[in-house]
Amino acid sequence: MDIRFSAEHEAFRERVRSFLTEVLPEGWGTSKHPYPRNPQEQAEVGLCWERTVYAHGLAGLSWPKEYGGQGLTWVEEVIFSEECARANAPAGVNGLGKGLLGPTLLVEGTEDQKRRFIPPLLAGDEIWCQGYSEPNAGSDLASLTTRAVLDGDEWVITGQKIWTSYAHLADWCFVLARTDASAPKHRGITFLLVPMHQVGVTVEPLVQLTGEAHFNSVTFNEARTARENVVGAVNDGWRIANTILSFERGTTIVGRHAHYRREFDTLLDAARQSRGENGPIADDAHYRQRFMELWSEIEILRFHGYQVITQLQTKSRLGPEASMLKLYYSEMHKRLGELAMDVLGGAMPFAGGLDSLAGGDLHRAFLWSRAETIFAGTSEIQKNVIAERVLGLPKDGRP
Amino acid sequence: MDIRFSAEHEAFRERVRSFLTEVLPEGWGTSKHPYPRNPQEQAEVGLCWERTVYAHGLAGLSWPKEYGGQGLTWVEEVIFSEECARANAPAGVNGLGKGLLGPTLLVEGTEDQKRRFIPPLLAGDEIWCQGYSEPNAGSDLASLTTRAVLDGDEWVITGQKIWTSYAHLADWCFVLARTDASAPKHRGITFLLVPMHQVGVTVEPLVQLTGEAHFNSVTFNEARTARENVVGAVNDGWRIANTILSFERGTTIVGRHAHYRREFDTLLDAARQSRGENGPIADDAHYRQRFMELWSEIEILRFHGYQVITQLQTKSRLGPEASMLKLYYSEMHKRLGELAMDVLGGAMPFAGGLDSLAGGDLHRAFLWSRAETIFAGTSEIQKNVIAERVLGLPKDGRP
Amino acid sequence: MDFSYSDEQFMVYDSALGLMRREAGPGLCRDAYREGAGVARRLVGKLADQGILGGNLSEAYGGSHLTLLDYALVFEAAGQALLPFPLAESYVVTAILESWGDNQVRERWLPAIAAGKTIPTIAWGDGQGGFETGGVQSVKRQGRIRLFGRRTFVPFAEVAGLVLTPAYSTEIGGVFLALLEPGRPGLAIEPLQSLDGSYPMAALSLDGYALDEADVVRPGAEAWQRARTIALAALAQEALGVAEEVFRLTLEYVKVREQFGGPVGRFQAVKHAAADDYLLLESARVANRYAAWTVSEGDSDGPLYAKLAKAYAGDMARRVTGDAIQLHGGIAFTWDSDVHLYFKRAWRLASQLGRSTDLREQMARRIIDGRFEEGDGHGYSL
Amino acid sequence: MDFSYSDEQFMVYDSALGLMRREAGPGLCRDAYREGAGVARRLVGKLADQGILGGNLSEAYGGSHLTLLDYALVFEAAGQALLPFPLAESYVVTAILESWGDNQVRERWLPAIAAGKTIPTIAWGDGQGGFETGGVQSVKRQGRIRLFGRRTFVPFAEVAGLVLTPAYSTEIGGVFLALLEPGRPGLAIEPLQSLDGSYPMAALSLDGYALDEADVVRPGAEAWQRARTIALAALAQEALGVAEEVFRLTLEYVKVREQFGGPVGRFQAVKHAAADDYLLLESARVANRYAAWTVSEGDSDGPLYAKLAKAYAGDMARRVTGDAIQLHGGIAFTWDSDVHLYFKRAWRLASQLGRSTDLREQMARRIIDGRFEEGDGHGYSL
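Protein chains in written order, with the working numbering: chain V, 14 to 412; chain L, 14 to 412; chain F, 636 to 1017; chain H, 636 to 1017.
Worth flagging that the hints you see were computed from the coordinates, not collected in a lab.
There may be inaccurate statements among the hints.
[Stated by the list, open to error] In silico DSSO-like links for lysine-lysine, alpha-carbon gap of 27 Å or less:
id, chain 1, residue 1, chain 2, residue 2
1, V, Lys408, V, Lys198
2, F, Lys890, V, Lys408
3, V, Lys127, V, Lys328
4, H, Lys890, L, Lys198
5, V, Lys408, L, Lys198
6, F, Lys890, V, Lys198
7, V, Lys198, L, Lys408
8, L, Lys408, V, Lys408
9, H, Lys890, L, Lys408
10, H, Lys890, V, Lys408
11, F, Lys890, L, Lys408
If you're wondering where the values come from, they're calculated on a predicted model, not measured in any experiment.
Let the hints inform the model, and build the full structure from the sequences given.
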């Protein structure tokens, strides 16, 4: 065990810091230069960010060089994520491509698919969205009804997908579609790559409770894609989906602690200025306990990340224990959001109050945290997965 | 709505207070005159207490006069319980008779049964225990295997019961036994009254984690009871058991708040003397919050009790919502026990430390609280009952 | 010993709930997110017609002598129907003016409020994050009282015809309550952005506002304490209504939403969350009932139990509305779902007039330290 | 960047766990409830033979240079096997004496401890409920150091051949650590009744105990801080072992215990409790690992992360052992079930050397207030 970063890694961290100083305006992400709130502007910034990162040789750090990656390791990925979070760098608009589709293609894709899709993905030239959930297939994803039928050399796709982030910006969508209605429900699903810019695809924004439209509903009405745009075998999509789910639940935590840490620091600043019945909240023993519980949990998330990196250095992917990390951070973030509301207190309901110091970040964190325990598998589903697949407890009749 | 007690009720409270002052030694239940710890002595005190209460006309307050009761109402029962708890009066040894069997006989018993069993029960001349749980029938009580077979004018009972409090003192046991092995499991059970003093009954103490033997295991080996000692119809015992369970889960809460309140006050005293990182625990904002949460919950238990009394004045028994109260107080008491351990802190593991001020009451409360969420239906079972029978959520294949 | 509401009290409730469901509900609540305080104007006449506004007043002022206990279920209905109207403030203002105001004050304001001609509100916040009496000073100039200062958290200020605020007079060295008329010079209203967009709040700035001698209520500290106590009991009851309504919707939903071949309500995780929430709801209900009774009776323990009820109901409503989102799943995260309306209202209510931790700390001063505040009872017993 | 234990470290663990399961386990733990500290004598030789006692020492003193990181898994094994032996104290005493003791001290005590001839312990408690250095004063009389005072929470004092305690000298105006030999005059041991009956604790009274000049370690404050830091990391690891063992037993049990026609482990309530507990366990594991590494490296952040780990693992172990009782049902409430042995040990560990709330308050002084304690690092960063 040696938790220190090597000299090379520390040098890489310096390189990332220089990069961030160079490309971000001074005071970026603070009240001095707040993060854009307008969705259109956000998208432009995000797209620009993808290309900037790529141009500086920082996209696909751990991905093979032959597909446009940097051929480095997960450690560099972590360092990059940590530094970006610390600098409050823009989110990018191709997170689904980079976090989910790319890693899946690298493991499950054909050589042609890798050569075709990964370089433009990394360059920010092709943006991806994810076509999984349907109105009646949420936790029970395998009951999806979007269907794909082979028509000569093309798949014809019909159905409705929801919660597709970035669909309005995306060039491609990775879609789960039913290709064999007669098979058991997990056996007749295929994983397809579908171009978004065609007549059969309609994207409609889905306004969420924050008042913003981060998600979309995507309707496929006889949309088409080439026959070869299948990842894995036909009717083997459920296995691919599970691979990708474990990426979604696991590797996306790496570096995430730095993001929560920034929120924590913002919140602690608010607590120094906010007052309660015992004076400044930051001096109140009740709140100090809650702050230290959270601080500990955020640190532990960092340690979990180290564990994941160590594991990824020897094995190339994570097992069902990845469910654990998604459960961990989403429930922890919910508590952070609740603490934020308590810290802001009487001023809580008012984004114009203390929280304005942080550009309303604490309110957004609070509201978003309520979605995090639902999306990418609810906490209840994660617990089932842990209990059954990690701990070996018996299934109870569910398929 | 009028939550005040009437002048008559206040006069009754005075009568109970005088009674307690008269019969209890000065300083009873405090370090001056601690509660006996020796089980034998406890039993003697408890039996003596039953007879003293009866002799002063305070047994069976709400029970009909014709069976030896006082013909008063639930309000007097509450007042009596509150005052006894406040004075830390002895627990008595016939709680199962008074709390469970008696009320059940009054509703479900024949006239002969009431005349035969209730007067000696109230007088403390016959002590009762409860033969329900078995080693393999805990939460799933209806899977019990103790069987009773009719042999002429007598039932012959064979099987093992556990968790039978007071069995070593008891004269009678109310037993659930299987009388029709071919019927569905809830349909073949009969509720029998069985004398304990006979060759076929063996009582063995069951030492619990506190090191005391409050419970017993009772083995019936062809034990016998008269044919007429059946409550309700033969094979209708499950319904009777449910009646009694709702007494156990519901009416036993009436007055219980006063008992927790005494524990709370003891704990608060300890918190004034115990020190933590911020000085006296009673001055630490974190602990003040927890104390006030508990205080609020104990008060709310009092209000729930008022609700129950009001309901009992119009209806004679409680429905499945009684599960709610058992769940409420057992989970609350667990938190009280945990707070006690935190308050005692460094001194916590040591019954000889601060807790000795309270005669070790806080340790006992802590350890016992871990049983309360298990016995008389686990918290999990209570939640199922609430969800299915009160809230109408669908059953999931369980019988 | 009778711990139940009477048939008459349930009749008042049923009729209030009927009206509010018809006239308000999630639909009007959504309108309020867009339109702001103006929606209160659509409601005020209907609430007045049904005798809800000023219902606590004597007949002379158009009321029907409803006590806080009678009125408690009306606040519950307001929560259930997500009423975008300052109902607690209206009740408190009328109660305070009838008890502490002189004849002139009562004649001037009470009939107008009861008739729905004037919407009253209260400037709750002292600008320091608390709800004490500070923030506004009065100065006598040319024989007139001039007010200077700032108060925050004034609900529906934009449509209010009357704002009650505490103020401090250096001349008499004490606190009084001032009755302000928005629209007059020296009074500015600045809207605050609210998490609960259907309950607009504003800050109030006073810069030489000329107060009529008549528009003063004394003794201010005592009346203000009573105002807060009544409001805490009312908000606790509203939080109960919010939570029970969304809980009902959630139960309905989990009975019909199918996943894995059957309704999700058959899963133990869902059942147990529902059972926990139900227990919290019913516990808040009895806590509120006790608080409403003690406050209504003028019992000296009223302030203590109003705090208990508000802290407990606030926490409960946060939890129950949060679980409602979780149990609805993704759909609850859309703007079109009603669930978030209840969620945001509950979280706003829970912080209004003090965090639960603040209220419990106030309780601790009495229960742990044995210190009594003004207006608190000294008779705390079992 | 490598966050895993090495194969060598796992070998040390496996052999320690094997020994402890054979020689201790629930059986010996029960014996300790009856017999008290004496059971430690049955173990000491076996622990010494396997090189566990003083394993951290240099070869000169019979050790094999194991670092705290190497040793961490041994503490975990001790938790798993409910070892009734002052293992953390033994480790701490040897580490402190080797680092801070002079040659005479080291020669006199270290080989004896490593060989299992002397069981060392530490007088942790300052008698004020805390774990600071107060409670014992030294006075020079007739050229000898005489000690007066009282310390509490001394594990296994009845069998200890050496007690390390902090003491205060008015002559030199500072804290030093004194090495006491029970049995000599002026030292009295008074047993305390413990919730965890397998880990007997005592109070120690000193009434003119004559201390040899040689039996002194300085600088006392720094060494004491280090002793506490190491002990916190060790206790955190022991708590992890206790919890993971009872969790394993619980998983086994719910897979075979049948109710309602199948194993209770198929119910979602059971599954979700198990999943929650597993998450807590694995989180405590990485927290402990990080703490053991920083403390082992002498990193200035060691004290901070030792506190984090102990507070988290203590809370975790309370929860997991509590759930173990609940998931076992009534059977866990019997004396014959092993579950309560883990439960009581976990709750004792959680309070030892500071409540979790105390440790977090200490952390808050640094993280929130930016105040640093003696021995704390100043380099706190991401």
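The hints, checked one at a time:
Our distance criterion of 27 Å between C-alpha atoms is met by Lys408 of chain V and Lys198 of chain V, whose separation comes to about 17 Å. Distance hint between Lys890 of chain F and Lys408 of chain V is fulfilled; the C-alpha atoms sit about 22 Å from each other, no more than 27 Å. Straight-line distance between C-alpha atoms of Lys127 of chain V and Lys328 of chain V comes to about 21 Å, which keeps the hinted pair within the 27 Å bound. Between the alpha carbons of Lys890 of chain H and Lys198 of chain L the distance comes to roughly 23 Å, so the proposed pair stays at or under 27 Å and holds.
Our distance criterion of 27 Å between C-alpha atoms is met by Lys408 of chain V and Lys198 of chain L, whose separation comes to about 25 Å. Between Lys890 of chain F and Lys198 of chain V, the direct Cα distance comes to roughly 23 Å. Compliance with the 27 Å bound is thereby established for this hinted pair. For the hint linking Lys198 of chain V to Lys408 of chain L, the alpha-carbon distance of about 24 Å falls within 27 Å, and the restraint holds. Restraint check for Lys408 of chain L and Lys408 of chain V: the C-alpha separation of about 17 Å stays at or below 27 Å, so the hint holds.
Annotation: proposed proximity of Lys890 of chain H to Lys408 of chain L holds, straight-line Cα distance about 22 Å (limit 27 Å). Annotation: proposed proximity of Lys890 of chain H to Lys408 of chain V holds, straight-line Cα distance about 11 Å (limit 27 Å). Between Lys890 of chain F and Lys408 of chain L the alpha-carbon distance is near 11 Å, which keeps this suggested pair within the 27 Å criterion.
Comparing the model with each numbered hint stated earlier shows that all of them hold.
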